[in-house]
Amino acid sequence: MHGLYSPYLHQNKSYMRKLFYAVLMLCASLSFPSCNMMEVHPYDAHVQGPQNLNETHIREIHEHLKERKSIRFAFISDTQRWYDETRDMVKDINLRGDVDFVIHGGDLSDFGATHEFILQRDIMLGFRMPWVALLGNHDCLGTGEDVFQTIWGKPNFHFQAGNVLFVCLNTNSLEYDYSEPVPDFAYLENLMKNLPEGVEKTIVVMHVPPFDLEFNNNVANVFQLYLKEFPGLLCCLNGHAHRYLVHEPFVDGIAYIQTPCAKSREYILFTIDEDGYEHEVIHF
Amino acid sequence: MVPLLCFHALNVMATSPVEIDDRYQRRIADYQSFWQSLMPTYTKLQYAGGMGWLNVGAGWAYGNNQQWETDVFLGFISRYTSDNAKLTLTLKQNFIPWRHEMTPTVSIEPLACGMYFNTVFSDEFWTKEPDRYPHGYYNFSTRVRTHISVGQRVRFLIPDKKRIFSRSITLFYEISTCDLYVVSAFTNRLSPEDYLRLSFGMKFDIF
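In order, the protein sequence lines correspond to chains A and B. Per my numbering, residue 2 is the first one in the first sequence, and the count goes up by one each step. Per my numbering, residue 5 is the first one in the second sequence, and the count goes up by one each step.
Here chain A stands alone, though its shape is the one from the complex (with noise of 0.2 Å):
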C-alpha cells in the first residue's frame, strides 16, 4: 500500500499548498457575487429601479392636497455625496409626521455620475410624503441631465399643492452655454397663459438664485419681473450655495430663501396657510 501511494506522499507538501490556493481563490470569488457590482462605466447613465419620479408623486401631492388652505412641506437641497446626512434628514422629516411632502432643491449628485443619483433616490425613497426634486448644477455633468430626465423629470416643471402653485425651473444657465434656453422664458408664457384651476398663490423653486454667476445675469430683471407676473407671488427658494439666507435681491418686497446643504444637517419647514408663510430652520 506504501508503495502504490509513495509518490502522492511525497508530493503531499504541494497539493496541500494548491488546494489552499484553490479554496482561497472560491472564497475571494464567491463574495462578491452581486450583480449590481458589474458597472460598465461611471457615467453609462444605466438607470435601473423607479423612473419618472416627479411626475408620480406631482400626482400624489395634487391629490392629497386638494381643497386644503393649509400646507406644510420641507425644502431641502445640495445632499450630494453627503449620505448619511440625506438618510438622517429623510428619518427627521419622516419622524415629524405632518410634513405633507418636501422639495429638493437640486445637486443630487456632485460629479453626475450615474450611481451617485441611484444611491440619492434610493435614499430619499425613503420619505413616506410625496417628493419632487430640481435639476442642480452638478446634476449636469457628463451624463447627469439624461440620468436626472430618467429618474426624475423634465428640468422645468409644475404643480399644484392646495391653492399653491409651484414653479420649479432650471436655472443652471452656465453649464449649458446658450445652447438653450435657460431660464426658459417660453416654458413659463405657457404656464401663465394655461395657469391650472384654482390657483392662488405661487411660490417659484430654482437651484440658482439670481446674480449667482451660474445664472443668466443679463436676463436677471426681466426673470423677476415674468415671476411676478404668477398670481400672488409668495417668495422664491433656491439652494446652490450651501448656506441659509433670506434677502431681497430686486429690493421689490419677494423674499428669496435659500436652503442650506445636508452637510451642515439643516432644512427648511414652510408652513403656507390663509395668513401667509412662515419658515423654520430645522437643525437634526
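Quick caveat, the hints were computed from the structure, so don't treat them as lab data. Among the hints, a few may not be true.
[Unchecked claim] Cβ pair distances, simulated, as ranges:
#, chain 1, residue 1, chain 2, residue 2, range
1, A, 181, B, 78, 28 to 36 Å
2, A, 187, B, 154, 29 to 37 Å
3, B, 166, A, 180, 53 to 61 Å
4, B, 97, A, 63, 49 to 57 Å
Cβ atoms here follow ideal geometry from the backbone N, Cα and C, with glycine treated the same way.
Once you've looked at the hints, dock chain B against the given chain A.
This is chain B only, laid out in the frame that chain A set:
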C-alpha cells in the same frame, strides 16, 4: 547638408560591397527586432469594470517572470438612457506577484493588482473645464477616470497540437474602484456594492 552628403559618399566608396551588404542586413535585423519587440504578446476581452460594456485589448507581458503587464483597451458603452453610445480607451498596468502551477497545464495567479486610466470619446465630457467656468469651478475631469483593481486568475495551457492562435487562455475576475467612488466611500457609511465594481475577462497569450 552638402558636406554631410559628400562625407557619406566618401564613406560608401571606401567600403567594399560585402561590408555594405553586411551592414544593411544587420540594420534590417535590428529594425525588425525593434518592431518585433513592440508586438503585443497577448489579447484580452474584458466585461465591465468601469471601462465599457465589452473591452477588447492587446498588451505586453514583461519582466523576469512575466510579472508585469501593460494593456490597451477599446471599449463600448451602450446608449442606455443617454443620447449616444460611446467609445472608451483604457490604459492599464498590472502586476502579478505570484504564479502557482497546480498541474502541468493549469496554473493560478492568486493576486493581480492593476491601475488603469479610462477616457471617453464624447463631447459631453471634458478633461479640463471649458473656458466658460471660472478657474477651479469643478476641479475634476469628467472624462478621465483613474481606477485601481485587484483580481485573481486561472491559466490553462493549450496542448501543442491543439493550439490555433494562443498558447494559453487565462480566465480572470477583478474588483475595482475609481477616484469618484473612493472619495464617497471615505466620507460615508456605504456598502461595498456602492463603491466596488466587479468585472470578468479572458486573456489569450499569443506567444
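Each hint, compared with the structure:
no.: 1; hint: 181/A x 78/B: 28 to 36 Å; result: 32 Å, holds
no.: 2; hint: 187/A x 154/B: 29 to 37 Å; result: 53 Å, violated
no.: 3; hint: 166/B x 180/A: 53 to 61 Å; result: 57 Å, holds
no.: 4; hint: 97/B x 63/A: 49 to 57 Å; result: 56 Å, holds
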